[in-house]
Amino acid sequence: MKISEIARLLDGRLSGAGDIEIFRVAAFETALENEISFFEKAEFVDQAETQEDCLFVPENFNAPLSCSFIQVKNPKLAFAKIAEILHAPKKRKPEIHRTAIIAETAKIGTDVFVGAFVCIGENSEVGSGTQIFANAKIGDAVKIGENCIVHPNVFIENSSQIGNRVTLHAGVVIGADGFGFVRDGANGYVKFPQIGTVVIEDDVEIGANSCIDRGALGETRIGEGTKIDNLVQIAHNVQIGKRVVIAAQTGISGSTIIEDDCVIGGQVGMGDHAKVLSGAIIGSQAGVLPGKIVRAGVWWGTPVQLLDEYKRQNAHVKGITRLKEEVKELKKQIDALKNAKE
Amino acid sequence: MKISEIARLLDGRLSGAGDIEIFRVAAFETALENEISFFEKAEFVDQAETQEDCLFVPENFNAPLSCSFIQVKNPKLAFAKIAEILHAPKKRKPEIHRTAIIAETAKIGTDVFVGAFVCIGENSEVGSGTQIFANAKIGDAVKIGENCIVHPNVFIENSSQIGNRVTLHAGVVIGADGFGFVRDGANGYVKFPQIGTVVIEDDVEIGANSCIDRGALGETRIGEGTKIDNLVQIAHNVQIGKRVVIAAQTGISGSTIIEDDCVIGGQVGMGDHAKVLSGAIIGSQAGVLPGKIVRAGVWWGTPVQLLDEYKRQNAHVKGITRLKEEVKELKKQIDALKNAKE
Amino acid sequence: MKISEIARLLDGRLSGAGDIEIFRVAAFETALENEISFFEKAEFVDQAETQEDCLFVPENFNAPLSCSFIQVKNPKLAFAKIAEILHAPKKRKPEIHRTAIIAETAKIGTDVFVGAFVCIGENSEVGSGTQIFANAKIGDAVKIGENCIVHPNVFIENSSQIGNRVTLHAGVVIGADGFGFVRDGANGYVKFPQIGTVVIEDDVEIGANSCIDRGALGETRIGEGTKIDNLVQIAHNVQIGKRVVIAAQTGISGSTIIEDDCVIGGQVGMGDHAKVLSGAIIGSQAGVLPGKIVRAGVWWGTPVQLLDEYKRQNAHVKGITRLKEEVKELKKQIDALKNAKE
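Chains as they are written, first to last, in my numbering: chain U, 11 to 352; chain F, 11 to 352; chain D, 11 to 352.
The reader is advised that the hints may include incorrect statements.
As the list makes no split between identical chains, a pair holds if one copy fits it or if it spans any two.
When the alpha-carbon atoms are kept at most 25 Å apart in a straight line, the in silico SDA-like pairs for lysine to any residue are as follows [what the hints assert, rightly or not]:
no.	residue 1	residue 2
1	Lys252	Gln315
2	Lys51	Lys302
3	Lys100	Met11
4	Lys252	Val192
5	Lys341	Ile111
6	Lys117	Glu339
7	Lys334	Leu42
8	Lys86	Val192
9	Lys302	Val337
10	Lys338	Val255
11	Lys341	Arg322
12	Lys334	Ala113
13	Lys153	Gln343
14	Lys321	Leu333
15	Lys334	Ser288
Honestly, the hints are just simulated from the structure, not real lab data.
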């Protein structure tokens, strides 16, 4: 792809040669000829050891460069978009592997790839263009939309619904029983019914070995465009909105609601029946108590508090040593006053 | 099942029509005709938008309802018990799938289901009524009891012992090597022997992608009726008692003991050789230091402390701001006293 | 193996009979005849209920024992080394299982075991002596060295490189996409390219269900002799040095560097672009902020601080109650002084 085409496609302003071919994206530090890279700040850039042929730069960038550059509003976004084109994920040619076991009642769309040792159960549907890799196991009455990617060793339990363009990374478990038990005195625990479903909307991506439990009675839902990292736990009946980002190893307890456009860090824990309102940002390792309502803003710590409050309180804690010394000093002065009086 | 039968079965007191058929359980908010639901508190219930035909209610409930209701001691428990009957998990018809690979020396009971691509190793035993789903891999000399459910992609290492009515959810790993290494100076680490076993007693349920390591020299044991959520890590030689509940993403380090009837929240971390005594309840994200003994009671925070102490201390921390102001005020008064004296 | 041979092999000083055969290692508490055990401290040892035939003891141990004993510098290390010999992991006889699917362009070394339902992709290489167990899935252009053990249900993504003597436990995912997205306003997220690789050096061990993401543009690297426990998350472009130990459920964010010989506890979280310098020890559940540099020493808490500082501060926090009382007392004294003046 020629630099001039790239500039046109991304609505950028090109400076320098436009007819060089770009084959790959690369990190700025290691970029070579025929590669494009980016940087995000409009500051001096030391190109001494780099050889890229083109750079995305911010609109207010104004320094000389030894290569072509394209001014855009958001260089990282432009870079990501051009990478999607230059490095379009290789799509497997349509094939149903001879070892795959597909129920006769299952409906498989056109241009579908089904890898070795895959199982697809009764009455399940797989949309056109979807790729299901080796060893993935799809239960009965599962609906998978179009152009999805289901990586190896994924398990999708009966009756789950997966939208279009969904990516499930290796080892993901969709629709296992939620964790609900009722104590029956000395007899131990009786299982609360876990007979609901999971709905995953379009354009969701779920990281390796993450688990999305089915609803107890209703459904667990992951909204459109939401991105979930590895080893994340989503419990029964959780409702996650659209365009939510959840980093690795976070756990969301039962029936908690996360509204649209929230950003949740890694290793966050949320109790059950909490509600995270649209626009909230929750820092890594934070803990949200059951039933808590988290408003828009930046949150931190366990139990979660607004980052500003947390910082203020933390500063106070760090100030205790000084406070102790002040109190010691006051004691002395009072003693002196007392002595003077006597 | 008729309402009158349900009332009789659960020792409840029926009010209203008893001859309506109940087909399903449902959440109170969404229940429809021929469904039964429950609520836990003896308060006013707004049935305006619900259509259930029957409700479990507490014994002291005393308000009019537009449907039949059954008074019981524990409505949620009654609901769970009737759900077990109305929604008995579908059992696969006995079958050994033609693609399963079962060692000749393995003993398979009657009424066993073995799914596609399952492997069962030398001298292993599978009890009657057990279902082993697709892609599960059972090592050598493994004993699995009766009426177990082993979900897809589970791995059970050689010599593990699984009791009766055990459920292992998808991706569970039983009996992988524990994490033990001895430093050998500049040469790095030598592996400490990890040659013990895992014993899982009757009626245990283990959540998706959880890991139970084998003992280093002895055994790792999960007691009868214990329930473990998803993505939990149980290290080598851990001893977990009966009827313990462990929520998602909790990790228990080597040789730690958890006695009967404890409740452990999510994302809890326990150091090695700790001991949690019967009846302890440990809140989510708590941290138990190595060697710590945790008595009965409710515990919280890192390092773990009794919830009451934690709350008191937390209140103190929140009071530092005021304390600071008080000290400032005292200073002023002392200065005033000093000045007055001069 | 005779006791005298063991003593010679490990450069230890034997006391007692040397010609008894040792068949197994065992824990001190449960050791029986023909078994060897160890203890680490040079103190009185109560052998009343043990029956081992030999013990490794520290060099300065000087008490009578009812069995033979071998004085060595590091008894636990000696025990681990002899266990490696007495309990050498059984190696599967070379075999390519008839159900395995191996691309014609893949190169398989000598003495390789490939289990049932394994897939090995185009242009991949498997070194001599390596064992790949049932259901493992190896992508295209993957290089696996010699004498590795790849347990069931492991997934290795295209282009990953695995050294010699590497052990990957069940359910490990190597080379899944890293978690990187760029916000595109109301349109939601565009995926940042995740087109790099993973390099795992010699003698690495990775625990069950852990995930090592591929680099976004460059590589993710795990250094020689590093040991990683279960359910650990290593994000894109993380660089881990040699002989690092990482306990269960820890998560390392993108581009973070951990230098040689660090020890990281369980459930630790590290932000992106942090740097942990050689020799640092980080306690369990600690949190390292993005960009933080952690020097050699023992670290604790969130945000991480030196353990000594943490303890001092914690003691201060616990002292707030007393401080409050002191301030109250000062108030009284000042009031008394004021009253006296009037």
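Check: Any of the earlier hints contradicted here, and which numbers?
Finding: Failing hints, ascending: 5, 6, 7, 9, 10, 12, 13, 15.
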